[in-house]
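Chains as they are written, first to last, in my numbering: chain A, 1 to 260; chain B, 1001 to 1260; chain C, 2001 to 2260; chain D, 3001 to 3242; chain E, 4001 to 4242; chain F, 5001 to 5242.
Think of the hints as simulated: they come from the structure by calculation, not from any bench.
The beta carbon of each residue, even a glycine, is placed where N, CA and C say it ideally should be.
Hints may be right or wrong, so weigh each one.
Distance windows between CB atoms, simulated [claimed, not checked]: (1) C:Q2019 <-> E:L4017: 49 to 57 angstroms; (2) B:S1098 <-> E:R4065: 41 to 49 angstroms; (3) C:H2256 <-> A:F169: 52 to 60 angstroms.
With a straight-line Cα cutoff of 20 angstroms, these simulated SDA-like cross-link-like pairs (lysine to any residue) come out [what the hints assert, rightly or not]: (4) D:K3155 <-> D:S3097; (5) A:K91 <-> F:E5224; (6) F:K5220 <-> A:P165; (7) F:K5045 <-> F:D5167; (8) F:K5102 <-> A:P165; (9) B:K1091 <-> E:A4021; (10) B:K1091 <-> D:Q3069; (11) E:K4155 <-> C:K2021; (12) A:K258 <-> F:E5224; (13) F:K5102 <-> A:P99; (14) D:K3102 <-> B:P1097; (15) D:K3176 <-> A:K91; (16) D:K3102 <-> B:V1171.
So these bits of chain E aren't anywhere near chain B, every CB distance computed over 10 angstroms [claimed, not checked]: (17) E4024; (18) R4077; (19) S4084; (20) D4087.
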Amino acid sequence: MAEMVPQLLRQQLAELASQDKRFDGRGRWDSRDIILETDILYNAEGSAKVVLGDTIVYAGVKFDVASPYSDRPTQGSLMTGAELRPVAHRKYDPGPPSPESIELGRVVDRGIRESGCIDMESLCIVPGEKVWRVMLDLHVLSDGGNIFDACATAAIAAMRTAVVPAERFDVGEDFKLDVSSTPIMCSYRRVGGRYVYDACEQEEIGGDERIHITLGDKGHLHSLQKGLRGVLSPAEFTEILAQAGVRCAELRELVHSKEA
Amino acid sequence: MAEMVPQLLRQQLAELASQDKRFDGRGRWDSRDIILETDILYNAEGSAKVVLGDTIVYAGVKFDVASPYSDRPTQGSLMTGAELRPVAHRKYDPGPPSPESIELGRVVDRGIRESGCIDMESLCIVPGEKVWRVMLDLHVLSDGGNIFDACATAAIAAMRTAVVPAERFDVGEDFKLDVSSTPIMCSYRRVGGRYVYDACEQEEIGGDERIHITLGDKGHLHSLQKGLRGVLSPAEFTEILAQAGVRCAELRELVHSKEA
Amino acid sequence: MAEMVPQLLRQQLAELASQDKRFDGRGRWDSRDIILETDILYNAEGSAKVVLGDTIVYAGVKFDVASPYSDRPTQGSLMTGAELRPVAHRKYDPGPPSPESIELGRVVDRGIRESGCIDMESLCIVPGEKVWRVMLDLHVLSDGGNIFDACATAAIAAMRTAVVPAERFDVGEDFKLDVSSTPIMCSYRRVGGRYVYDACEQEEIGGDERIHITLGDKGHLHSLQKGLRGVLSPAEFTEILAQAGVRCAELRELVHSKEA
Amino acid sequence: MGGYGDVQLMREDGKRLDGRAVDEMREVEIKAGILPAAEGSAWVKHGLNIAVVAVYGPMEAHPRRIQRQDRAVLDVRYNMAPFSTSDRIRPGFNRRSREISKVTAEALESVVLVERFPRSKIRVEIEILAAEAGTRCVGITAASVALADAGIPMKDLLVGVASGKIDDIVVLDLDKAEDNYGQADLPMGIMPNTGEIAFLQMDGDLSPEEYELATEYNFKAAHEIHGLMKQALLDSASGGEV
Amino acid sequence: MGGYGDVQLMREDGKRLDGRAVDEMREVEIKAGILPAAEGSAWVKHGLNIAVVAVYGPMEAHPRRIQRQDRAVLDVRYNMAPFSTSDRIRPGFNRRSREISKVTAEALESVVLVERFPRSKIRVEIEILAAEAGTRCVGITAASVALADAGIPMKDLLVGVASGKIDDIVVLDLDKAEDNYGQADLPMGIMPNTGEIAFLQMDGDLSPEEYELATEYNFKAAHEIHGLMKQALLDSASGGEV
Amino acid sequence: MGGYGDVQLMREDGKRLDGRAVDEMREVEIKAGILPAAEGSAWVKHGLNIAVVAVYGPMEAHPRRIQRQDRAVLDVRYNMAPFSTSDRIRPGFNRRSREISKVTAEALESVVLVERFPRSKIRVEIEILAAEAGTRCVGITAASVALADAGIPMKDLLVGVASGKIDDIVVLDLDKAEDNYGQADLPMGIMPNTGEIAFLQMDGDLSPEEYELATEYNFKAAHEIHGLMKQALLDSASGGEV
């Protein structure tokens, strides 16, 4: 993006920060309204939509039958893709996946994968021959800021409501995908010099680095990522980690409430 | 193509049309001279060349042995490719297939495929294991207008003279590809406000939308395509459909005359 | 490269040539210092580094088990790749392999392959089912001129010290790759109107066509390539072929001296 | 058209498998202005198909070689989401989506008043979230609504509709089974106000008479959907949601 | 070179399998000016090989980074049609065709008077319609004729020829079997008027003496083909056809 | 993290399989200025990992769309050589290397005084020649030294280090087996002078307390490596070699 750095916006955000205020009037750790729906797409075996302020994303889960990796003959696999397609914002171009979309997909993937919530052994059909491959796709329709959290929330909700279509593949009866826990991502952005939660579009344009934290049911860290230019101190990290513990628990409740 | 719309040419074509004349003196439904040759390329199992005015195209048919699709274990398959390579005109660039070349290949393919002239069951070698895959490639060497009809004519002529090289693949004796009918495409272009048949290069530059009609032996429609900017009325379509019925029969005779 | 032809440099090189001198003081057929090291990379089954003046290249050999080609059921295969990555010089861009890098890989490959030094039959594991595939990769880290000879020397040295990792693939005991001879490439560049050996960077910028000659143990030609704009006479070729005979023998000694 | 196999698609009572009459279309639901980041947008559910469209522009046309001195170009992308079909679709354009994008762009350029915006482009992003036969038509309908929602002037709202043939009978608006096992499909983009056709494709087998009947069904349905489109645009004044 | 297998390629009478003498080339047929849309064109049949070449330009060199201040660049594409070989070739450039395009362009830049057209490019499109060993040489011959047909000034008509080795004997102009089972191949681009070499590749096994003999055969054949090229250019004044 | 299988990674004496203590890093060797063609370069051997980095620039930023009016951008490529891993890697970028390139560039942009070079770019080419766990950190260390060797002003030399968890114990600097069978990995880019973090990733399972300990180990190691980096830059005045 060749855009001029919006110095005016940065100044405005710095001034607001100095008064402990935010661009849209929220408190520092407040979220925008979030709406989660599940099981909404014909043809997806698991699906969810998240509306987070002006951000709208869908997650869809599909399955197919594949050969296992030779060094893990009894394990299924998970593949996560994210598309930042030009539908989502004027700023996105068509073309091969951008570094941004690759990062998005990989960070969401790691949060789920590294939490261990998917028992890959439960996805074995015939050891060494056939396993289930879970394909999770994230689709951003409107980027109004903080697409990472919107995607991660939609992703785990779609996974936790997915049904493995065994009948369609002639390998037994359909069964619910076994997702044993609920890893949740919370993202923080440096705006006006300090970290805030759930940055909106203006805060992203005039902000600095971002930190993505994925916590499991017990509050353990499963994935971290710092993105964009900027540095942080260990003390700053400790502060946002504590906040993430609180917010992740709330979002986990939201996800659980949308399971049939 | 970033070219200025050639307003002068459009005016000239409109004036000619108002006198019921064409750029090169032809009547509205007249074709340019067409020459068809078949079986002309070493290494192609079926081949044809069409010269249509300043347009020159080749079609070549190759075969290989492939696994059938799991939901059609006794059927072979057809794959059609078209290349608008930079050899054919100053205006074509190298690079990945353009939308124009994809459209060309797919429209020619649908005319043949949807007529049902290829009995896919006749291309089965071992049910569920081996079938013939027919690979039809269209190669435009000189684009002097109306490459769609030139390609479609070369395509069906190459298919109807193709020999399946079973001996080379060690699966029995060579045999003629069974093509049970002769679908023919006729293309119409709006020039100076009215439709004409077989537009030449100048009529394409100064014209509007085009309609491609593929008719089978009994005069049934097997494929339609409208291309480019422009609209038509149902009555206009009815008029060109009647013309297509006449011309397709003539071209069908030409194709049949080049079968050994 | 859209660079202006450096006329001043060309004039300087022509003047030097008229006095039988070179840019860096060498004689016409002299090489720059060359350093060869082998077996230097963890994870490569064969490796070599060549430092030739300001040019630094690595070659690495990897193996895997593959199905043989159906028409050569008892033969392994060799695959050679070359990367002119942007690490090697300011002038190289990222992106898909350039024509230059493709030429480099293919010319080095032909020299080795056409000498017959690799007995492809010795790479058969199970006839018709499993063979070894040898993957030779050339990696230029610093392009200071004459990367062809640097790569070819590193390549044959890496091949001649490679060990086939049969144990890792559970197909018997590790064994030394059998390379029965030592094909060597020597490259000549027209600079100031006459050919010189082992052109440096400045001689390449201000020079014309280049000739790559690969000779086998008995002095037979196994590969030739003329690159870049320029012509040569048969008599000129005869002169450099004689020079290549001498230099190839010296480099062959160097390669042999680095075998454990 | 698939056309193979012995699947009976008409019931003995003259109705289709899902109970529709031959000239009855699937249920259609339309919303305008549902994407906050877009300048115009629409959501169309047609049967089980779901298409979402965002419109951006007019903006400067780049790369320069697509620019036209006398008019705007429409930069249309028709894309099926990976999870929109029974077998997952690999992301990225394929030959089918490129062809549909091309002919859809040409159809929309025939109804948008492109002369008003020389040297510019208008981006139209068609996303199919769920596919159940007829997605190119649903995309055209949604694109028209999104263009109107973006305030782009048009001659008419272009409506995407299709008829086809099953069990030798012409029927309106094929569903998935009818598309898989039917004999012909005739998708059209119709301007109900002028009675003109801006989008036309067809495959399968239709006699000239069958073509006439299928066209008649298409025009009838286009008028119905046209009303829903106009209503959606009226409703969007009061805000919307996906 | 393949070089494997025990295929005997020389007959007991000292002739080759197809009856040719060791220094006899396949039949060559050349036509100029056969593509209406091109500014220069040629068709060459050499044995069973068929190459067609179109030339466009000189035109402005773009993208800018290929432009040279002091001369034209040749933008050469060597392409094998999908149906030109025994096994169908997937469309699109591969490593082999990229290398041939590069060295062919460099050879043609050595004979075209490129200094006459600074900052421009000349497009040379080589299409192989049928391949029977030696296509890169046939492409060079056809490209020279097409460049001359386009009126591009050249030092000489560059001729593509090859000799090789079969059954330890040097022979002129390998055919398909000789190429598959032979021991060496030496393709050259020769300027008969100056006796210079503008294109040179070789693979296989040749002693220096065998190289000399193969080169001699190549020069002899180049003179023969040179005559056919000039005749084709004379004939094209009276029109032509593919 | 792999995390599966029953591989014991700690010995009964409290040491790790290769004899290191829990807070002991692998051997590190650093050289600066080793690539003649580059404007700055470095070579780092860390355990069995080998990374080589070349720096070019500052130069004009193109393509234009990456240009920033107020600062330089870092154009970083992290690339694993095909022979750097146990199974050969296909050349060309993959998703993993693109992500690492992106976050590495962002980390380096946080320490380079990019405001000094508006509208320019600095190319940083990270080549992994041999990989034994932790290559992204080795690349960061090498890139910092190469940038300094090129004379690019920086706030501090950024150091790449990682800690992790094996057998429920936090340890410094995972080697290959520990990476394959361990429970967590926490790579960081640390500025020892300011105590700030410019690069941060993590995967696996760490309690907040374990995170604190792993961070502490990382800072300790960063100070050690920082000394080696400074020494390498001093040594390079007297010339160097790969």
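Open item on the list: Would the hint linking D:K3102 and B:V1171 be met if the CA-CA limit is 20 angstroms?
Closed with: The hint is violated at about 42 angstroms.
Open item on the list: For a C-alpha distance cap of 20 angstroms, please report whether A:K258 and F:E5224 respect it.
Closed with: Roughly 50 angstroms between the alpha carbons, so the hint for A:K258 and F:E5224 is violated.
- [ ] State, for the Cβ atoms of C:H2256 and A:F169, whether the hinted interval 52 to 60 angstroms holds or is violated.
- [x] Check passed, 59 angstroms falls within 52 to 60 angstroms.
TODO: With 10 angstroms as the threshold, tell me whether E:D4087 passes as away from chain B on beta-carbon distances.
DONE: The assertion about E:D4087 is violated, with a minimum of 7 angstroms to chain B.
Open item on the list: Minimum C-beta separation from E:E4024 to chain B exceeding 10 angstroms: can you confirm that?
Closed with: holds (20 angstroms)
Open item on the list: Just to be careful, I want the Cα atoms of D:K3155 and D:S3097 compared with a cutoff of 20 angstroms; is the pair within it?
Closed with: With a Cα-Cα distance of about 26 angstroms, the restraint between D:K3155 and D:S3097 is violated, given a limit of 20 angstroms.
Open item on the list: Check whether the Cα positions of F:K5045 and F:D5167 lie no farther apart than 20 angstroms.
Closed with: The given pair, whose Cα atoms are some 27 angstroms apart, is violated under the 20 angstroms limit.
- [ ] Decide if the proposed pair is consistent with the structure: F:K5102 and A:P99, CA atoms, cutoff 20 angstroms inclusive.
- [x] holds (7 angstroms)
Open item on the list: For D:K3102 and B:P1097, compute the direct alpha-carbon distance and say whether it is at most 20 angstroms.
Closed with: Holds, at roughly 13 angstroms.
Open item on the list: What's the verdict on B:K1091 and E:A4021, does the C-alpha distance respect the 20 angstroms limit or exceed it?
Closed with: Violated, at roughly 46 angstroms.
TODO: Compare the distance between the alpha carbons of F:K5102 and A:P165 with 20 angstroms, and conclude whether the hinted pair is satisfied.
DONE: The given pair, whose Cα atoms are some 37 angstroms apart, is violated under the 20 angstroms limit.
Task: Hinted pair F:K5220 and A:P165, Cα distance within 20 angstroms - done: It is violated: about 51 angstroms lies between the C-alpha atoms, which goes past 20 angstroms.
In this structure, the hints that do not hold are numbers 2, 4, 5, 6, 7, 8, 9, 11, 12, 15, 16, 18, 19, 20, in rising order.
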